[in-house]
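Peer 1: Spelled out from the first residue to the last, the chains are:
Number of protein chains: 2
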Amino acid sequence: MKIMHIADLHIGRTINQHPLLADQSYMLDQLIKEVDHQQIELVIIAGDIYDRTLPSKEAVQLFESFIHQLNIERKLPVLAVSGNHDGASRLGYGKEWFRTHQFYLSTAIEDCFKPVTLKEIDFYLLPYIEPAEAKIYFNDDTIQTHKESYEKIVEEINAQKNSGRKSVIVSHLFIQGGQESDSERPLSMGAVEFVPQSVFKGFDYVALGHLHHPFAIQSDTIFYSGSLLKYSFSEASQPKGYRLVTIDEGVKSIFMPLKPLRDLQVIEGDYAAMIDNHQSIESEHYYQFILHNMRHIKDPMTRLKAVYPNLLELRYAEDSKADKEIKVEVDERSDIEIIEQFAMNMTDEPLTHNQQQIIARLLKEVQHETY
Amino acid sequence: MKIMHIADLHIGRTINQHPLLADQSYMLDQLIKEVDHQQIELVIIAGDIYDRTLPSKEAVQLFESFIHQLNIERKLPVLAVSGNHDGASRLGYGKEWFRTHQFYLSTAIEDCFKPVTLKEIDFYLLPYIEPAEAKIYFNDDTIQTHKESYEKIVEEINAQKNSGRKSVIVSHLFIQGGQESDSERPLSMGAVEFVPQSVFKGFDYVALGHLHHPFAIQSDTIFYSGSLLKYSFSEASQPKGYRLVTIDEGVKSIFMPLKPLRDLQVIEGDYAAMIDNHQSIESEHYYQFILHNMRHIKDPMTRLKAVYPNLLELRYAEDSKADKEIKVEVDERSDIEIIEQFAMNMTDEPLTHNQQQIIARLLKEVQHETY
Numbered sequence: 001m002k003i004m005h006i007a008d009l010h011i012g013r014t015i016n017q018h019p020l021l022a023d024q025s026y027m028l029d030q031l032i033k034e035v036d037h038q039q040i041e042l043v044i045i046a047g048d049i050y051d052r053t054l055p056s057k058e059a060v061q062l063f064e065s066f067i068h069q070l071n072i073e074r075k076l077p078v079l080a081v082s083g084n085h086d087g088a089s090r091l092g093y094g095k096e097w098f099r100t101h102q103f104y105l106s107t108a109i110e111d112c113f114k115p116v117t118l119k120e121i122d123f124y125l126l127p128y129i130e131p132a133e134a135k136i137y138f139n140d141d142t143i144q145t146h147k148e149s150y151e152k153i154v155e156e157i158n159a160q161k162n163s164g165r166k167s168v169i170v171s172h173l174f175i176q177g178g179q180e181s182d183s184e185r186p187l188s189m190g191a192v193e194f195v196p197q198s199v200f201k202g203f204d205y206v207a208l209g210h211l212h213h214p215f216a217i218q219s220d221t222i223f224y225s226g227s228l229l230k231y232s233f234s235e236a237s238q239p240k241g242y243r244l245v246t247i248d249e250g251v252k253s254i255f256m257p258l259k260p261l262r263d264l265q266v267i268e269g270d271y272a273a274m275i276d277n278h279q280s281i282e283s284e285h286y287y288q289f290i291l292h293n294m295r296h297i298k299d300p301m302t303r304l305k306a307v308y309p310n311l312l313e314l315r316y317a318e319d320s321k322a323d324k325e326i327k328v329e330v331d332e333r334s335d336i337e338i339i340e341q342f343a344m345n346m347t348d349e350p351l352t353h354n355q356q357q358i359i360a361r362l363l364k365e366v367q368h369e370t371y
Numbered sequence: 001m002k003i004m005h006i007a008d009l010h011i012g013r014t015i016n017q018h019p020l021l022a023d024q025s026y027m028l029d030q031l032i033k034e035v036d037h038q039q040i041e042l043v044i045i046a047g048d049i050y051d052r053t054l055p056s057k058e059a060v061q062l063f064e065s066f067i068h069q070l071n072i073e074r075k076l077p078v079l080a081v082s083g084n085h086d087g088a089s090r091l092g093y094g095k096e097w098f099r100t101h102q103f104y105l106s107t108a109i110e111d112c113f114k115p116v117t118l119k120e121i122d123f124y125l126l127p128y129i130e131p132a133e134a135k136i137y138f139n140d141d142t143i144q145t146h147k148e149s150y151e152k153i154v155e156e157i158n159a160q161k162n163s164g165r166k167s168v169i170v171s172h173l174f175i176q177g178g179q180e181s182d183s184e185r186p187l188s189m190g191a192v193e194f195v196p197q198s199v200f201k202g203f204d205y206v207a208l209g210h211l212h213h214p215f216a217i218q219s220d221t222i223f224y225s226g227s228l229l230k231y232s233f234s235e236a237s238q239p240k241g242y243r244l245v246t247i248d249e250g251v252k253s254i255f256m257p258l259k260p261l262r263d264l265q266v267i268e269g270d271y272a273a274m275i276d277n278h279q280s281i282e283s284e285h286y287y288q289f290i291l292h293n294m295r296h297i298k299d300p301m302t303r304l305k306a307v308y309p310n311l312l313e314l315r316y317a318e319d320s321k322a323d324k325e326i327k328v329e330v331d332e333r334s335d336i337e338i339i340e341q342f343a344m345n346m347t348d349e350p351l352t353h354n355q356q357q358i359i360a361r362l363l364k365e366v367q368h369e370t371y
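Note that the protein sequences, when read in sequence, are chains A and B.
So that you can map any letter, position 99 of the first sequence is 99 in the UniProt record's numbering, and since no number is skipped, the others follow by simple counting.
So that you can map any letter, position 153 of the second sequence is 153 in the UniProt record's numbering, and since no number is skipped, the others follow by simple counting.
Please keep in mind that the hints were generated in silico from the structure rather than gathered at the bench.
A portion of the hints provided could be inaccurate.
Pairs involving identical chains hold if they fit within one copy or between any two copies, as the list cannot separate such chains.
[Said to hold, decoys possible] The list that follows gives simulated cross-link-like pairs (lysine-lysine, BS3-like), each with its CA atoms no further than 30 Å apart:
| # | residue 1 | residue 2 |
| --- | --- | --- |
| 1 | Lys119 | Lys75 |
| 2 | Lys2 | Lys201 |
| 3 | Lys95 | Lys57 |
| 4 | Lys95 | Lys114 |
| 5 | Lys119 | Lys95 |
| 6 | Lys75 | Lys114 |
| 7 | Lys298 | Lys135 |
| 8 | Lys152 | Lys57 |
| 9 | Lys95 | Lys33 |
| 10 | Lys95 | Lys75 |
| 11 | Lys57 | Lys147 |
| 12 | Lys135 | Lys57 |
| 13 | Lys2 | Lys95 |
Source: prediction; values computed, not measured.
Whole structure, please, built from the sequences with the hints as guidance.
Peer 2: Next up, the structure:
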């Protein structure tokens with residue numbers, strides 16, 4: 001069986017107020033093309049379909065159109081779970097009607113115990129679950145963490161599992177040892193979020209969502225597909241696409257990168273060079289620029305946007321350097337040395353003798369007041 | 001064929017910030033009971049399912065549960081159109097999946113031309129249409145009014161109608177001659193809203209929504225079901241329920257009233273009597289009180305609410321009287337007479353001689369300044 005495993009579509013997401021709907025629509029079209037090209041037989045969506053609990057009308061339309069193409073037009077089964085960004089109850093609207101079309105949507109604990117069996121493989125659809133939900137569902141006050149929640153749920157699944165068939169779990173969670181990016185919202189404040197890999201022992205494939213890196217975890221059976229697009233600049237170097245999973249005698253999961261409409265890149269450089277030599281980089285991509293020698297420029301963002309219309313973030317290269325140096329060495333220096341270094345970082349010039357004297361006097365006054 | 005015709009559910013509606021969801025849930029349960037009791041074969045919902053374009057999670061859940069009971073549990077066909085309160089595109093989410101369950105949901109012009117045929121009857125599902133939408137759809141700039149929009153649409157329907165079968169139109173509009181209530185929002189600002197009855201000539205039954213009175217129009221073939229509940233105090237004397245429509249050789253439409261969880265009533269009375277003799281009326285109902293002799297009471301709303309927890313609106317009986325008298329007679333009186341009458345209305349006492357003199361002096365000063 002050939003399966004497309006995707007997750008973290010985050011339809012409706014913006015970066016610095018810039019809407020990404022056109023980029024998402026383009027990428028979903030690429031997925032549809034791959035479905036046809038690879039003769040995919042089943043599509044798995046492992047949560048965070050939308051970016052917000054209450055998605056916009058346009059976001060809902062885009063998702064409906066994607067699912068329509070897969071499930072109504074191509075009659076492909078689709079298995080989906082809700083993620084921590086999704087509003088489970090809103091997303092679940094209509095799920096009873098969708099089922100008969102083999103669009104299986106799981107948005108609550110009670111949806112996960114009865115598997116969907118396709119081609120002699122049992123698929124368990126386990127949505128993102130808050131520990132508080134599990135606590136109520138099992139009427140068990142000892143459940144406090146994600147680990148405890150999923151342990152309990154999977155224990156229940158295991159108790160009724162058909163050992164004669166291969167089994168797959170689809171879920172949305174933070175597996176222990178997984179590599180994070182900046183754009184994954186913490187699952188819950190305070191609670192331990194990690195779920196140990198051992199919880200999923202005995203499953204032939206674990207199709208996960210939540211972490212945005214397609215190689216966020218090293219395992220033979222547990223895989224993240226990664227997100228649909230780069231959703232933060234910390235993801236600039238991550239590949240994005242889908243996992244092509246083949247389950248027959250054995251199980252294989254290969255990450256298949258796709259080319260987005262516009263890439264998202266972090267570029268460090270010199271202000272003047274970026275303005276002058278813009279032919280060397282694609283002007284339409286999304287950028288975070290970290291530029292040197294830009295302090296003297298008035299409103300550099302506007303000037304740069306004239307050349308790079310999708311520039312989303314602009315930083316002064318010096319700032320980050322200064323921050324780092326001061327952070328590292330502050331413990332080892334005297335007060336006057338710290339101030340001298342700070343002034344140097346800010347102005348690129350050492351303090352004059354006169355300035356040094358003024359600061360020394362002020363420091364004395366301040367210390368006098370304190371003691 | 002036995003049909004239940006309902007409309008204007010307005011799920012999620014509030015009156016003066018008071019949520020009515022529990023009342024709506026109760027009333028929908030009564031409808032389900034009637035469906036079983038009357039052995040209903042088809043349910044028609046003629047628009048304004050929700051009260052707002054973006055209904056709350058709870059409103060969506062309540063509607064889904066209602067439809068689930070009808071369409072999934074009882075396998076009854078359901079025909080529904082969007083109304084002017086509904087967000088057509090959000091409401092339409094999933095409609096392609098619903099169709100195969102015989103839950104037919106029409107939310108756009110293009111949905112209305114192909115009838116749903118059940119038991120040899122053609123049902124045309126015509127959602128609420130803005131003239132601007134019809135103008136674009138037909139690429140016809142002469143379409144400016146609701147009348148012109150629906151004329152054009154029904155003309156198109158008539159052109160392809162099967163004359164051998166009975167035909168029903170389900171729609172949400174303001175039929176000419178219909179009786180309004182306070183809680184129907186105007187369909188569009190400026191445009192003529194009325195659609196003449198003659199537009200629907202040749203249809204055996206026209207199941208309408210929009211006007212909240214179940215007897216809003218006198219016709220042999222055109223009927224409003226009225227709203228699910230009394231949604232404004234102007235509807236206090238209207239019956240609420242559903243229409244039981246029987247289509248066989250002939251067509252019959254009987255209004256069937258249902259008892260709500262709490263009634264909504266307007267009561268005029270005396271403050272002291274309402275506080276003292278509260279056993280004479282149901283304390284749990286929704287009320288608008290118009291009370292006499294209440295001017296001297298501090299915070300009467302709080303006192304009354306202790307007795308009538310669902311009191312939603314409180315008016316001073318005197319106010320409305322005073323307003324009217326001043327409006328009528330102001331042209332025929334001198335300035336001092338108008339002020340004397342106003343003071344009398346407000347305080348129930350005539351002005352003293354001293355007060356009269358002060359007002360006369362002030363009037364003189366004001367007039368002196370003006371001329």
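Peer 1: Against each hint, give a clear statement of whether it holds in the structure.
Peer 2: Results for each hint:
Taking the shortest alpha-carbon separations for Lys119 and Lys75, both the intra-copy value of 15 Å and the inter-copy value of 29 Å come in at or below 30 Å. With identical chains, the CA atoms of Lys2 and Lys201 are at most 30 Å apart within one copy only, with a shortest distance of 22 Å there and 56 Å across copies. Taking the closest pair of Cα atoms, Lys95 and Lys57 come within 30 Å of each other both inside a single copy (19 Å) and across two copies (15 Å). Taking the closest pair of Cα atoms, Lys95 and Lys114 come within 30 Å of each other both inside a single copy (15 Å) and across two copies (26 Å).
In this assembly of identical chains, the alpha carbons of Lys119 and Lys95 lie at most 30 Å apart whether taken from the same copy (22 Å) or from different copies (28 Å). Taking the shortest alpha-carbon separations for Lys75 and Lys114, both the intra-copy value of 22 Å and the inter-copy value of 23 Å come in at or below 30 Å. Taking the shortest Cα distances, Lys298 and Lys135 never come within 30 Å of each other, neither inside one copy (56 Å) nor across copies (49 Å). Taking CA atoms no more than 30 Å apart as the test, Lys152 paired with Lys57 passes between copies only; the shortest distance there is 29 Å, against 37 Å inside one copy.
In this assembly of identical chains, the alpha carbons of Lys95 and Lys33 lie at most 30 Å apart whether taken from the same copy (26 Å) or from different copies (25 Å). For the identical chains of this complex, Lys95 and Lys75 are neighbours both inside a copy (16 Å) and across copies (16 Å), given an alpha-carbon limit of 30 Å. For a Cα distance limit of 30 Å, the shortest separation of Lys57 from Lys147 across copies, 29 Å, qualifies, whereas the shortest one inside one copy, 35 Å, does not. For a Cα distance limit of 30 Å, the shortest separation of Lys135 from Lys57 across copies, 23 Å, qualifies, whereas the shortest one inside one copy, 34 Å, does not.
For a Cα distance limit of 30 Å, the shortest separation of Lys2 from Lys95 qualifies both inside one copy, at 24 Å, and across copies, at 29 Å.
In this structure, only the earlier hint numbered 7 is contradicted, and the remaining ones agree with it.
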